[in-house]
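> This is what each chain is made of:
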Amino acid sequence: MDLFEYQGKQYFARFDIPVSPGDIADTVDEAVAIAERIGYPVVVKAQVKVGGRGKAGGIQLADNADQVRQHATNILGMDIKGHIVHRVWIERSSDIAKEYYCSFTLDRPNKVHLGMLSAQGGVEIEVVAEEDPSAIAMLSIDPVVGLDLATATKWVADAQLDEEARAQAADILVKLYRCYTDGDCDLAEINPLILTPQGKVHALDAKVTLDENASYRHPEWDAFRATETEDPREKMAKEKGLNYIGLDGTVGIIANGAGLAMSTLDVVNQVGGSAANFLDIGGGANADVMAAALEVINADPKVKAIFVNIFGGITRVDEVAKGVLGALEKVTITSPIVLRLDGTNAVEGRAILQPHLSATLITEPTMLDAARRAVSFANA
Amino acid sequence: MSIFVDENTKVIVQGLTGGQGRFHGLRNRDYGTKVVGGVTPGKGGTDVDGIPVFNSVKEAVAATGATASFVSVPPKFASAAILEAAEGGITFIVCITEGIPAHDEAVTYNRLKKEFPDVRLLGPNCPGIISPGKCNIGITSGDIALPGGPVGIVSRSGTLTYQALHELSQQGIGQTTCVGIGGDPVPGTNFIDCLEAFQNDPETKAVMMIGEIGGSEEERAAEWIKANMTKPVVSYIAGVTAPPGRKMGHAGAIISGSKGTAQAKMDALRDAGVHVCQNPTEAGQKMVDIVRSL
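Chains H and E, in that order, give the protein sequences.
Numbered by numbering that gives the first Met the number 0, the letters in the first sequence go through residues 0 to 379 in order.
Numbered by numbering that gives the first Met the number 0, the letters in the second sequence go through residues 0 to 293 in order.
It is worth saying that the hints were derived from the structure and are not from the lab.
A hint or two may mislead.
Straight-line C-alpha distance at most 20 Å; calculated DMTMM-like pairs for lysine to aspartate or glutamate [said to hold, decoys possible]:
hint: 1; chain 1: E; residue 1: K75; chain 2: E; residue 2: E86
hint: 2; chain 1: E; residue 1: K112; chain 2: H; residue 2: E211
hint: 3; chain 1: E; residue 1: K75; chain 2: H; residue 2: E211
hint: 4; chain 1: H; residue 1: K110; chain 2: E; residue 2: E114
hint: 5; chain 1: H; residue 1: K110; chain 2: E; residue 2: E222
hint: 6; chain 1: E; residue 1: K57; chain 2: E; residue 2: D142
hint: 7; chain 1: E; residue 1: K112; chain 2: H; residue 2: D141
hint: 8; chain 1: E; residue 1: K113; chain 2: H; residue 2: D141
hint: 9; chain 1: E; residue 1: K75; chain 2: H; residue 2: D183
hint: 10; chain 1: H; residue 1: K110; chain 2: E; residue 2: D192
hint: 11; chain 1: E; residue 1: K75; chain 2: H; residue 2: D181
hint: 12; chain 1: E; residue 1: K204; chain 2: E; residue 2: D192
Chain H residues, not near chain E, derived (Cβ > 10 Å throughout) [to be verified]:
hint: 13; residue: Q59
hint: 14; residue: I79
hint: 15; residue: V122
hint: 16; residue: A274
hint: 17; residue: A290
hint: 18; residue: G311
Keep in mind it's a predicted model, so treat the numbers as computed, not measured.
We treat Cβ as the ideally placed atom computed from N, Cα and C, and that holds for glycine.
All chains should be modelled from the sequences, with the hints used to inform the complete structure.
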């Protein structure tokens with residue numbers, strides 16, 4: 000789960016990482032009230048989970064209440080690369096002497112943590128990595144050992160951060176690492192980490208991605224989840240406990256297992272169609288799960304055909320067949336359904352469906368045949 | 000021959016008294032796997048359908064001589080269970096648990112590497128391993144696999160592993176061993192470990208490798224194949240049409256920026272001389288053709 004900047008800053012604050020004083024506003028009046036409270040000048044920042052806010056006009060400086068009112072009015076409701084701004088973060092404007100970059104993430108090939116630190120912050124780190132890789136000081140961290148202050152102190156020197164920033168930066172790095180590990184982040188990034196002319200170091204932005212597998216030990220994440228604005232189809236699927244991702248095509252996909260679901264998308268594409276979604280119903284596809292899956296796909300007006308691709312391993316195909324029939328009793332499906340059923344108890348499963356097959360409920364023997372049939376319906 | 004397990008491998012199931020552990024543990028035994036014990040703290044002395052249950056891995060190993068463990072416990076307890084297995088003398092651990100936090104996996108992996116360098120972990124979040132006719136540890140349905148070789152299968156995805164087995168078995172082509180390495184970000188066993196074992200296994204004549212988007216394991220495998228592999232490899236990579244930045248089910252299946260795309264992986268594999276196919280059926284057919292021409 001990606002956090003908004005303000006949520007990332009709230010998360011940082013839990014780990015004593017210094018951020019600019021600020022607060023979050025849903026309305027123009029709230030924005031003005033916050034600005035009056037924290038003092039001018041302030042920055043009004045659009046809260047969207049996409050880069051390029053500044054260029055789109057989503058970050059504005061304000062010296063007084065009128066300016067805050069004007070900027071907040073413009074920014075709230077703004078469309079930034081397809082993301083509508085529902086909230087603005089108001090924070091005290093900071094004078095900037097230097098901008099740095101730091102982050103922690105998993106180094107998957109080496110199965111350790113990777114810290115990245117650079118004296119060239121405020122720009123996209125991918126660009127720095129491309130143009131001047133030596134400007135990024137990489138640090139491999141053994142997850143068993145962790146990051147201590149002595150190592151961080153050497154690291155800030157290696158990265159050639161300004162002398163006066165080093166002690167504070169090292170302290171912040173240790174805290175950010177704790178946020179990353181104890182806070183179960185997939186990514187914890189500060190860009191920029193700034194040094195003010197007054198010699199203070201703090202985080203001016205926050206980019207945090209949380210590992211949802213760890214949500215059982217983070218009840219505080221519920222507040223972040225509540226604000227997730229998402230595709231209405233995805234919201235409906237999530238409420239039904241389905242692993243669904245909305246796409247733009249016309250063939251609705253239901254498959255068991257993430258790999259098979261991805262593969263189903265690929266095959267539909269190869270035979271000239273386009274998938275309307277990714278949907279993995281996982282193991283144990285009973286009537287309720289199948290009904291929920293069909294319901295979610297049926298609610299998508301772009302869907303012209305539905306491809307159910309099941310390979311029974313632990314999932315028994317006869318159960319899936321019963322599920323489909325049960326679902327058809329509960330939900331009126333408007334698009335034709337093409338099924339490919341293989342694996343455990345496939346013969347029994349096909350037999351259960353046999354008496355119910357029609358022009359709009361079809362089985363095909365292989366994945367490719369089924370994809371072709373579904374695509375021919377969708378493109379008709 | 001098979002890799003990592005064989006007909007003599009003695010297996011304990013950590014979590015045998017739980018719903019999943021019982022279901023899969025008994026299925027594995029029915030397949031012919033030597034499932035010699037279960038471990039559930041506090042339930043020592045009882046049994047599950049005749050399989051004795053012990054309080055700890057140490058006790059189970061002492062009583063049964065098991066060398067492999069099938070870990071089927073909830074995410075919260077999985078890391079401790081894996082480490083307990085290693086401490087208890089188990090050398091091959093299969094963990095099917097889905098949903099373990101990435102940081103726990105990273106710590107567990109590095110502790111194993113340091114404290115128990117001879118222990119192999121398969122998974123987490125994997126379907127397990129099957130050597131047809133000999134040993135089945137995990138959730139793969141035994142009846143879709145065919146004994147006798149000569150194909151080795153290694154896969155990052157569960158259902159696509161079944162699909163690969165099915166494509167070969169229905170055409171009469173058997174498998175030496177089929178290994179599901181799992182889709183999590185910190186897998187205990189990776190493609191290269193399996194490719195190397197298949198390369199060294201005289202009965203394996205060709206290898207099918209099923210990858211998916213995300214990470215760079217397939218690219219690394221391609222480098223290894225180019226430098227070391229003399230046996231033919233057929234590959235299929237799932238997720239050509241997956242949108243960037245979205246997690247496709249597996250925590251590991253995510254394209255970040257230009258990295259981890261199916262295209263990059265296919266290019267790397269093709270460059271290493273691998274037969275790269277567009278879908279599982281085509282990959283199955285290609286492998287059938289290769290085996291028949293051997």
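> Now look at each hint and say whether the structure bears it out.
We went through each hint and held it up to the structure:
1. Taking the CA atoms of K75/E and E86/E, the gap is near 19 Å; set against the 20 Å cutoff, the hint holds.
2. With a C-alpha separation of about 26 Å, the suggested pair K112/E and E211/H falls outside the 20 Å cut-off, and the hint is violated.
3. Between K75/E and E211/H, the direct Cα distance comes to roughly 13 Å. Compliance with the 20 Å bound is thereby established for this hinted pair.
4. For the hint linking K110/H to E114/E, the alpha-carbon distance of about 16 Å falls within 20 Å, and the restraint holds.
5. Between K110/H and E222/E the alpha-carbon distance is near 18 Å, which keeps this suggested pair within the 20 Å criterion.
6. Between the alpha carbons of K57/E and D142/E the distance comes to roughly 33 Å, so the proposed pair goes past 20 Å and is violated.
7. Taking the CA atoms of K112/E and D141/H, the gap is about 11 Å. The hint holds against a cut of 20 Å.
8. At most 20 Å may separate the alpha-carbon atoms for a hinted pair to count; K113/E and D141/H meet this at roughly 11 Å.
9. This hinted pair checks out: K75/E and D183/H have alpha carbons roughly 14 Å apart, not beyond 20 Å.
10. Taking the CA atoms of K110/H and D192/E, the gap is near 15 Å; set against the 20 Å cutoff, the hint holds.
11. Our distance criterion of 20 Å between C-alpha atoms is met by K75/E and D181/H, whose separation comes to about 15 Å.
12. Pair hint K204/E plus D192/E holds up; C-alpha atoms about 17 Å apart against a cutoff of 20 Å.
13. Under the 10 Å C-beta cut-off, the non-interface status given to Q59/H relative to chain E holds; the minimum distance is some 27 Å.
14. Every Cβ of chain E is farther than 10 Å from the Cβ of I79/H; the closest lies at roughly 16 Å, confirming the non-interface assignment.
15. No beta-carbon of chain E is positioned within 10 Å of the beta-carbon of V122/H; the least distance is around 16 Å.
16. For A274/H, the requirement that its beta carbon stay farther than 10 Å from each beta carbon of chain E is not met, with the minimum near 7 Å.
17. The Cβ of A290/H sits about 21 Å from the closest Cβ of chain E, beyond the 10 Å cut-off, so the non-interface label holds.
18. Its beta-carbon lying about 7 Å from the closest one in chain E, G311/H breaks the requirement of being farther than 10 Å from that chain.
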